[in-house]
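Sequence lines, in order, name chains D and L.
Position 38, counted from 1, in the first sequence is what my numbering calls 40; the numbers after and before it change by one each time, with no gaps.
Position 230, counted from 1, in the second sequence is what my numbering calls 234; the numbers after and before it change by one each time, with no gaps.
FYI, nobody ran anything at the bench for these hints, they're computed from the structure.
Heads up, a few of these hints could be off.
In silico DSSO-like cross-links for lysine-lysine, where the CA-CA straight-line distance does not exceed 27 Å [as the list claims (entries may be wrong)]:
1) L:K211 - D:K196
2) D:K202 - L:K212
3) D:K93 - L:K212
4) D:K194 - L:K211
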Amino acid sequence: MLKYIFKRLLIFIPTLFVIALATFYLSVNVPGDPVEQMLNANNDAGSSANQKASEAAYIQKRHELGLDLPVFYFAVSNQATPKDLYKIPKKFQRKNLGELVEKYGNWKEISTYYEQVKHFSYAVSDVISDSANADILIEIRNDVQNLLTENDDQVIEYAFQNLKQNIGQDTSLESVLSGTLQQTYQDYTNIKTKATPNKKLIPAIHWYGTQSQFHQWITHFFKGDFGISYQDGRPVKTVIWSAVRWTLVLSVISIILTYLIAIPLGIFSAAKKGSLTDQGITTTLFILYSLPNFWVATLLILFFGGGDFFDIYPANGVGQLDNTMSLFQQFWTRTHHLILPVICFTYGGLAFLSRQMRGAMINTLSQDYIRTAKAKGLDDEKVLWKHALKNSLIPIITLFANVFPLLISGAVIIEFKFTIPGMGKTAYEALLARDYPVVYTIVMFSAILTLIGYLVADILYAWVDPRIKFDKR
Amino acid sequence: MTASTNTTLKQDYWSYVKRQFKKNKRALFSLYIVGFMAFIALFADFIANEKPIVCKYEGKTFYPIFNQYLVNLKLAKPYAELNNISWTDAEFESAIRPPIPYSPNTQDILNFGFVSPFEKQDVKSIRWRHWLGTESIGRDVLSALIHGTRIAFMVGLVSMSIASVIGIFLGAIAGFFGDNRLKISRATLLMLFPMGFFGLFYAFAFKKLFWGLGIMLLAAFLAYVFGFLLKPVSFFKKKIAIPLDILIQRLIEILVSIPGLFLIIAIIAIAKPSIFLVMVVIGLTSWTEIARFIRAELLKVRSLEFIEAAEALGYPKWRILFRHAIPNAIGPVLITIAFGIAAAILIESFLSFLGLGIPPETLTWGKLLSLAGGGKSELWVAVFPGIAIFLTVTLFNLIGEGLTDALDPKQKK
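With these hints in hand, go ahead and build the complete structure from the sequences.
This is the structure:
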């Protein structure tokens, strides 16, 4: 048995690694720039000194977040793409340059051009706007922005033409900018004339080693450092800890309720199999089982949580506690707030579990040893509770393991609808806000819990049913 | 056992299943209702549409709905004469309109802001009544429900088709070949790695799906050829088994360990909203159950006599798998597919309830449900789509149960 558990735990490692990789891959390839999100400002305007300052702030933040490292241990790329493309700070520029390199394959010329465009854009920013050139300057700045963000040849050529024309209109602008513009355009034509697009057809593997985002993240993760949330800068640990309490409360209550109601209900229904009561229970449970929980949540809120009907239960949050309240009042506030969510959380599992229990019980009751027990004169009650119950609990116990992951991922919709600050809501909001440190941590923990859940289920299985042995496999 | 007796047996099996299924009145009834709903889904455009089916305008006869189909297929141009008219208010000389004269996106400006079905409605005649009321900006709830049926059924069918193809293939090869029945020579295996690398590299370099697939095929072929050239060396000739079962089981484990809904939300949240993407993502994440079922079934089937017989006849392994093993194991998979459709429809309505994955102007059941607030008249907007979702899910679950009973050998009498 121990050997089996050890083997299973060993298999966890590659599984978790692949899950980590998959989440990481998704997060790297999404649009949006977390650094900009955290800095919460896009200072592309202003003088060159301003721009340089904001760029420095950007680089500083990027370093703090550890995003200035290459993504993975290695990168499969082509000869055209340079090894240190990741050093370009801004994400959109990195992407744009990457596409330019894909197209023309000459990094040397492209990086010269890129530096020149930046130089030119600083020069443009330093031009002081006055009434004579204000309109033109706006257009010029737009075109410069296009140079920084576009890689389509037509768009760039058009931008250059526009720039030439606009700068030519104003003599003071011409004296300051035309030289730099000339040089920038020269650099751009250089890219096209010295293009080596075939270089991208030769594969290259760049090795970065442990100085990579993935390595840093995963080593920190297993040391218990989950990073900080992009949304508000709090440590992920705090974010998750404050959320997990609510989900724990919610799920523990509802799991206990589920088992407390489902098992007797299933047994009762099985014992009276075929009777009208049984049919009623079975049908009700079947209907409950198919009711979508977001619908039930909506209807419950509509009917009982304010609205035009009964304003009995609050539909929002978990209630405010203050110190002047007595313990009972505190308890009551919480209960009052949690009743509707707990109903939503419970009924589905309740229906599922009762049906399982009924099925298992009926299955057990049709076994030969039950017939024997009855034949030797035991009364029905005793047969049911003493002989049948124990054996029909086997499938139910193992189902308990499936409950594990619920604890962490929670029920997104219920917490969302009732605005309970639990894991489900946190996870959902983190996902929408692309707050990846939070997302990674939640995904990893749910994965670990799911894996443990399966393992526990298998162990429980062997424990309650001695016929099952793993070692022989 | 020859092929002909094999087919008669199979016939018997399916007609037996059919007979068993028909005994279950609830499931049979559900199947009929699902058939009816499929009819609604298929002909939604003719049941609820602001355009008339046939209309006469300025002396000419038009078929606007048919025309729309042709326009969508790029086979025809929209009628120039009817270009700028309002379909609902235009003065047609004569028109045959669909039973519900509203499209899901038709805004009835006279009846906006959650008009309940029982209220007095500001409509021309009873023909134009909103039988199930309207939502906030005056869109007809019944029309949205009818067109929502189409989306729900499409989601169920497409996603489960994707899931079935992946699940049946992976589950079947895992069960049939196990860990040591698919053998390839060391030479081919050795060549597969570099060829796979180059294949993937160039497939991605070209950035076109068609070329990419072609390159991958070419790479596989080259791996085989080079492997063949290496064969004279005895070391390379030795065959080694590929642990397909372990690999596929791990893959399933990985997919199951990531909270499914979370994964779906993650992908949907970052991509451009489209119903098709929702279907693909649901399909790609829900094949594991099917794979597990068919794997277990094939473990049983592969040791049956007729497989041995086919092997003894010298049929290639892949042919035995696809022609003999899978067709005899497919029955139980139908159960998972039926439940899977229910689950897929539920996931889709859940996603659109959250506003994820569907384009903002599309109305689905879940989306409609999410529009309801707390008011009394808004109750209808919450109730009807909820009933539609619930009904569909229940029907598919009932069919699934009926199939379980019909396919379960224990039920044989």
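Tested hints:
Of the pairs offered as hints, the one joining K211 (chain L) and K196 (chain D) holds, with about 24 Å between alpha carbons and a cut-off of 27 Å not exceeded. For the suggested pair K202 (chain D) and K212 (chain L), the alpha carbons sit about 16 Å apart, so the restraint of at most 27 Å is met. Proposed proximity of K93 (chain D) and K212 (chain L) is supported: the alpha carbons are some 25 Å apart, at most 27 Å. Between the alpha carbons of K194 (chain D) and K211 (chain L) the distance comes to roughly 21 Å, so the proposed pair stays at or under 27 Å and holds.
The structure fails none of the hints (numbered hints given earlier).
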